[in-house]
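Put together the whole structure using the sequences plus the hints.
One letter stands for each residue in the lines below.
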Amino acid sequence: MAEAPDLTVPFENDRERGVFLADLLYLTTQLDQWRDWSLNIEALSPGQRAQLASAVGPGDTPDLKLQRWITLFDDELRAVSDARNRAVHGIRLSDRELRGAVWLARHLLELVEPADAA
Amino acid sequence: MSSESDEASRSDHLPVTGSSGALDALETVRRHPSWFFRDGKFEPHEAARLLADEALRGGAETVTVRRQGNWFAVEADRDWLEGDLAAFFTPLSYEQGGRNSTRVEVALTAFCSAVVTAADNGVHEVSSSPDSNLQVQDLDIPLKPAGRVVAFLPPAVQTAAPQPASRHQQAVQPTLRLVQGEGERSIVSAVSSFVDKQEALLHG
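Sequence order for the protein chains is A and B. For the first sequence, numbering that gives the first Met the number 0 begins at 0 and goes up steadily by one. For the second sequence, numbering that gives the first Met the number 0 begins at 0 and goes up steadily by one.
Don't read these hints as lab results, they were simulated from the structure. Be aware that one or more of the hints could be misleading.
[What the hints assert, rightly or not] Derived EDC-like pairs (lysine to aspartate or glutamate); straight-line CA-CA distance at most 16 angstroms:
1. Lys64(A) / Glu112(A)
2. Lys40(B) / Glu26(B)
3. Lys196(B) / Asp73(A)
4. Lys64(A) / Glu41(A)
5. Lys196(B) / Asp74(A)
6. Lys196(B) / Glu2(A)
7. Lys64(A) / Glu109(A)
8. Lys64(A) / Glu198(B)
9. Lys64(A) / Asp35(A)
10. Lys196(B) / Glu109(A)
[As the list claims (entries may be wrong)] If we take Cβ atoms under 8 angstroms as the criterion, some of the chain A residues that face chain B in the derived model are:
11. Met0
12. Glu2
13. Leu6
14. Ser93
15. Arg95
16. Leu103
17. His106
Yeah, the Cβ is synthetic: ideal placement off N, Cα and C, and Gly gets one too.
Right, here's the structure in full:
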């Protein structure tokens, strides 16, 4: 289980901030892909489905898990997308906001991406 | 190879600290408030005066300084930044200010709880903190069809029990408003709720 991160640590310099911005763009692209797949699970490759199936508990299915993921974390997914949208429209995210958005995006992905695919 | 005179000439036009280097320009400004303020700390009246001076030197004929609630706003009938907002993010000199001049906008971004600017190409929220959203109802600054307005909320301004704007008030607010501080609040809240919810995904 992921524990709440310390978001109060400021970035040391523009380079570190830039790395986090790049991470945010990459991770939100991945999240968008999983959102699409949750609406159309048929689009998943057989290999991805097999990997997902291996990561669900007894009585659960990959479809149900994805549906739960998008329903349960709707607010969090939206918060990450909003942060990405602000960043790409030239609005400067605060250090806390950027750090939090990247942490959240990474952990949202970890919940659906099979470990050996991440 | 560049000659010494080339270097000297180039340095006349370079910002004091660029954002492309290893140093974060805003962080550098925060460490050196005395570059801008005589008492060595952010002073809103002095900031407003420097902004007004910058606007006048930039060709404005009418400059108005307003105080609304805790906000300060400087309005001018000419866009003294000529549409370029770079001055909010790095120290920049400007020709009309003289050889060793520095635009003060970067100090607003570095020290203030919120900074918003507007010109004929639209409103740009330069920065805002979650707390500054509580004072957005005071940001009732009319926009001019031409020129520029810069509004800033000085740091660490505490208000007694701020009242949130009603739905009606929000509907008739002018176009200046804050969204960034709300973004930070939203992410911090989402991180917290994620930590609480993640177990529910695993156990259905």
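Here's how the hints hold up against the structure:
1. For the suggested pair lysine 64(A) and glutamate 112(A), the alpha carbons sit about 11 angstroms apart, so the restraint of at most 16 angstroms is met.
2. Distance hint between lysine 40(B) and glutamate 26(B) is fulfilled; the C-alpha atoms sit about 14 angstroms from each other, no more than 16 angstroms.
3. With a CA separation close to 11 angstroms, the supplied pair lysine 196(B) and aspartate 73(A) stays within the 16 angstroms bound.
4. The straight-line distance between the Cα atoms of lysine 64(A) and glutamate 41(A) is roughly 14 angstroms, inside the 16 angstroms bound, and the hint therefore holds.
5. At most 16 angstroms may separate the alpha-carbon atoms for a hinted pair to count; lysine 196(B) and aspartate 74(A) meet this at roughly 11 angstroms.
6. Simply put, lysine 196(B) and glutamate 2(A) have alpha-carbon atoms about 11 angstroms apart, close enough for the 16 angstroms limit, and the pair holds.
7. A distance of roughly 13 angstroms separates the Cα atoms of lysine 64(A) and glutamate 109(A); the hinted pair therefore holds under the 16 angstroms criterion.
8. Taking the CA atoms of lysine 64(A) and glutamate 198(B), the gap is about 12 angstroms. The hint holds against a cut of 16 angstroms.
9. Taking the CA atoms of lysine 64(A) and aspartate 35(A), the gap is near 14 angstroms; set against the 16 angstroms cutoff, the hint holds.
10. Simply put, lysine 196(B) and glutamate 109(A) have alpha-carbon atoms about 14 angstroms apart, close enough for the 16 angstroms limit, and the pair holds.
11. At its closest, the beta carbon of methionine 0(A) sits 6 angstroms from a beta carbon of chain B; the interface hint therefore holds under the 8 angstroms criterion.
12. Evaluation of the glutamate 2(A) hint against chain B yields a held restraint, the C-beta minimum of about 7 angstroms falling below 8 angstroms.
13. Checking leucine 6(A) against chain B: minimum C-beta separation of about 6 angstroms stays under 8 angstroms; hint holds.
14. Because the beta carbon of serine 93(A) sits about 5 angstroms from the nearest beta carbon in chain B, less than 8 angstroms, this interface hint is met.
15. Evaluation of the arginine 95(A) hint against chain B yields a held restraint, the C-beta minimum of about 6 angstroms falling below 8 angstroms.
16. Against a cut-off of 8 angstroms between C-beta atoms, the interface hint on leucine 103(A) holds, since the closest Cβ of chain B lies about 5 angstroms away.
17. About 6 angstroms separates the beta-carbon of histidine 106(A) from the nearest beta-carbon of chain B, less than 8 angstroms, and the hint is met.
When the structure is compared with the earlier hints, no violation turns up for any of them.
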